[in-house]
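First to last, the protein sequences are chains A and B. For the first sequence, numbering that gives the first Met the number 0 begins at 0 and goes up steadily by one. For the second sequence, numbering that gives the first Met the number 0 begins at 0 and goes up steadily by one.
If you're looking for bench data, these hints aren't it; they were derived computationally from the structure. For each residue, glycine too, the CB sits at the ideal point set by N, CA and C. Please note that a few of the clues may not be correct.
[Stated by the list, open to error] With a straight-line Cα cutoff of 25 Å, these simulated DSS-like cross-link-like pairs (lysine-lysine) come out:
| no. | chain 1 | residue 1 | chain 2 | residue 2 |
| --- | --- | --- | --- | --- |
| 1 | A | Lys84 | B | Lys48 |
| 2 | A | Lys86 | A | Lys11 |
| 3 | A | Lys11 | A | Lys84 |
| 4 | A | Lys86 | B | Lys48 |
| 5 | A | Lys234 | A | Lys84 |
| 6 | A | Lys19 | B | Lys48 |
| 7 | A | Lys173 | A | Lys11 |
| 8 | A | Lys86 | A | Lys173 |
| 9 | A | Lys86 | A | Lys234 |
| 10 | A | Lys19 | A | Lys173 |
| 11 | B | Lys48 | A | Lys11 |
[Said to hold, decoys possible] Cβ-Cβ distance ranges computed for the label pairs, FRET-style:
| no. | chain 1 | residue 1 | chain 2 | residue 2 | range |
| --- | --- | --- | --- | --- | --- |
| 12 | A | Val242 | B | Leu31 | 40 to 46 Å |
| 13 | B | Val24 | A | Phe148 | 38 to 44 Å |
| 14 | A | Lys84 | B | Ser60 | 37 to 43 Å |
| 15 | B | Leu31 | A | Phe42 | 35 to 41 Å |
| 16 | B | Ala15 | A | Thr120 | 18 to 24 Å |
| 17 | B | Lys48 | A | Pro170 | 45 to 51 Å |
| 18 | A | Ile142 | B | Trp34 | 56 to 62 Å |
| 19 | A | Ala26 | B | Phe5 | 27 to 33 Å |
| 20 | A | Gln48 | B | Gly46 | 50 to 56 Å |
| 21 | A | Thr120 | B | Gly46 | 18 to 24 Å |
| 22 | B | Ala15 | A | Lys19 | 24 to 30 Å |
| 23 | A | Gln184 | B | Ala15 | 20 to 26 Å |
| 24 | A | Leu37 | B | Gly46 | 52 to 58 Å |
| 25 | B | Ser58 | A | Asp152 | 28 to 34 Å |
Next come the chains, spelled out residue by residue.
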Amino acid sequence: MWAFIHKLGSPKWFYGISAKLQPWFWAAAALLLVTGTLWGLAFAPADYQQGNSFRIIYVHVPAAFLAQSIFISMAISGLVFMVWKIKVADMAAAVMAPLGAGMTFVALFSGAVWGVPTWGTWWMWDARLTSMLILLFLYLGVIALRGAFTSRDSASRAASVLAMVGVINIPIIKYSVDWWYTLHQPATFTLTSRPTMPTEMWLPLAIMVLGFYSFFIALTLMRTRSEILRRESNKRWVQELVVGQVEEKR
Amino acid sequence: MAFASFAEFLAMGGHAPYVWSAWGVTALLLLLIVWHARVEHRQLINGVKRRVRRERARSTSAAPQNAAQFNSVEGGMRDDA
Numbered sequence: 000m001w002a003f004i005h006k007l008g009s010p011k012w013f014y015g016i017s018a019k020l021q022p023w024f025w026a027a028a029a030l031l032l033v034t035g036t037l038w039g040l041a042f043a044p045a046d047y048q049q050g051n052s053f054r055i056i057y058v059h060v061p062a063a064f065l066a067q068s069i070f071i072s073m074a075i076s077g078l079v080f081m082v083w084k085i086k087v088a089d090m091a092a093a094v095m096a097p098l099g100a101g102m103t104f105v106a107l108f109s110g111a112v113w114g115v116p117t118w119g120t121w122w123m124w125d126a127r128l129t130s131m132l133i134l135l136f137l138y139l140g141v142i143a144l145r146g147a148f149t150s151r152d153s154a155s156r157a158a159s160v161l162a163m164v165g166v167i168n169i170p171i172i173k174y175s176v177d178w179w180y181t182l183h184q185p186a187t188f189t190l191t192s193r194p195t196m197p198t199e200m201w202l203p204l205a206i207m208v209l210g211f212y213s214f215f216i217a218l219t220l221m222r223t224r225s226e227i228l229r230r231e232s233n234k235r236w237v238q239e240l241v242v243g244q245v246e247e248k249r
Numbered sequence: 000m001a002f003a004s005f006a007e008f009l010a011m012g013g014h015a016p017y018v019w020s021a022w023g024v025t026a027l028l029l030l031l032i033v034w035h036a037r038v039e040h041r042q043l044i045n046g047v048k049r050r051v052r053r054e055r056a057r058s059t060s061a062a063p064q065n066a067a068q069f070n071s072v073e074g075g076m077r078d079d080a
């Protein structure tokens, strides 16, 4: 177990293994997202109350799931970095933040657009909406904090601490719809009970959710590799690998 | 198929502006993210290549010069002392 963690923590090993895993996650993401999009946009039946505006669910819910999962992943990576000084964990956390911010933005934007025909308003200071806005600010804070230090190690530690503290917001987002039921409806999807939607509505949603998660994994692998190149460009193995690639292509 | 025609599909039962803006922004963002990640990776690879080239050029052509500089530094130090 320990040997595995240390191997995983070695940038060189990670660079190699992620190159092998990456294409599978990209392929899965492309397949799932295309299937989910066609199914959700064209084939799923319209909602009997909301009509076709309900199709926004197929981008709104996956983005909102991912926005929260990425923050948790970032906090765990931060913890791993702080406790075991594993640099790859910090690199992964660094590349996760912008995608997390993007997904939070998508969740908020699609929710606002959906709110107009459904609730008659694009924004209200509802608990779910407000806690998601706080999540966006936490992401922006983590990103800004990384840029605010001249020392990379200080920046990494500050960002890790903010991620670990900010993760408190995640259960608040999750339970906000139950604690303060004002505007946003409670969870459509839970792991413990059967979905209340008909199969031809929730199956494309499940496909989209899996597609978004695959996209997240693929992108994180790819950008962590880029981050390794950025931070370790003075290392011999990086130089040999990159120059070796050139010679292979010739 | 939930729609009878392509025009109906585009109209989204009158919800076209909402559905298409939410989906459009999401799709655009995902595509931009992928494009950025590709450009970033390529630029970093090229950066490492340039660095290796620069260092090789320096280590092959500048070996005697290095020795000269080293002497001059030493000389400077002796002057100071």
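We went through each hint and held it up to the structure:
At most 25 Å may separate the alpha-carbon atoms for a hinted pair to count; Lys84 of chain A and Lys48 of chain B exceed this at roughly 29 Å. Restraint check for Lys86 of chain A and Lys11 of chain A: the C-alpha separation of about 11 Å stays at or below 25 Å, so the hint holds. Taken as a hint, the Lys11 of chain A and Lys84 of chain A pair is honoured in the structure, with Cα atoms around 16 Å apart against an allowance of 25 Å. With a C-alpha separation of about 23 Å, the suggested pair Lys86 of chain A and Lys48 of chain B falls inside the 25 Å cut-off, and the hint holds.
Our distance criterion of 25 Å between C-alpha atoms is met by Lys234 of chain A and Lys84 of chain A, whose separation comes to about 18 Å. Proximity of Lys19 of chain A to Lys48 of chain B is assessed by CA-CA distance (about 22 Å); at most 25 Å being required, the pair is judged to hold. Restraint check for Lys173 of chain A and Lys11 of chain A: not satisfied, since their Cα atoms lie roughly 38 Å apart, outside the 25 Å limit. A hinted pair counts as satisfied when its Cα atoms are at most 25 Å apart, and Lys86 of chain A with Lys173 of chain A does not qualify at roughly 30 Å.
The hinted pair formed by Lys86 of chain A and Lys234 of chain A meets the criterion: a straight-line CA distance of about 14 Å does not exceed 25 Å. For the hint linking Lys19 of chain A to Lys173 of chain A, the alpha-carbon distance of about 35 Å lies beyond 25 Å, and the restraint is violated. In summary, the hint linking Lys48 of chain B to Lys11 of chain A is supported, as the alpha carbons are separated by about 17 Å, within the 25 Å threshold. The given range of 40 to 46 Å is broken by Val242 of chain A and Leu31 of chain B, whose C-beta atoms sit roughly 31 Å from each other.
Hint check: Val24 of chain B to Phe148 of chain A, Cβ distance near 32 Å, so the stated range 38 to 44 Å is violated. Checked against the hint of 37 to 43 Å, the pair Lys84 of chain A and Ser60 of chain B passes, with Cβ atoms roughly 39 Å apart. Range check, Leu31 of chain B to Phe42 of chain A: about 27 Å between beta-carbon atoms, so the 35 to 41 Å window is missed. Range check, Ala15 of chain B to Thr120 of chain A: Cβ separation about 20 Å, and the 18 to 24 Å hint holds.
Between Lys48 of chain B and Pro170 of chain A the Cβ separation comes to about 47 Å, which falls inside the hinted range of 45 to 51 Å. At roughly 19 Å, the beta-carbon separation of Ile142 of chain A and Trp34 of chain B lies outside the given 56 to 62 Å, and the hint is violated. Separation of Ala26 of chain A from Phe5 of chain B is about 29 Å and conforms to the stated range, judged on CB atoms against 27 to 33 Å. The supplied range of 50 to 56 Å is met by Gln48 of chain A and Gly46 of chain B, whose beta-carbon atoms lie about 54 Å from each other.
For Thr120 of chain A and Gly46 of chain B, the Cβ-Cβ distance of about 48 Å falls outside the hinted range of 18 to 24 Å, so the restraint is violated. Between Ala15 of chain B and Lys19 of chain A the beta carbon distance is about 43 Å. The supplied range of 24 to 30 Å is therefore violated. The given range of 20 to 26 Å is respected by Gln184 of chain A and Ala15 of chain B, whose C-beta atoms sit roughly 24 Å from each other. For Leu37 of chain A and Gly46 of chain B, the Cβ-Cβ distance of about 39 Å falls outside the hinted range of 52 to 58 Å, so the restraint is violated.
Range check, Ser58 of chain B to Asp152 of chain A: Cβ separation about 30 Å, and the 28 to 34 Å hint holds.
Checked against the numbered hints given earlier, the structure breaks hints 1, 7, 8, 10, 12, 13, 15, 18, 21, 22, 24 and satisfies all the rest.
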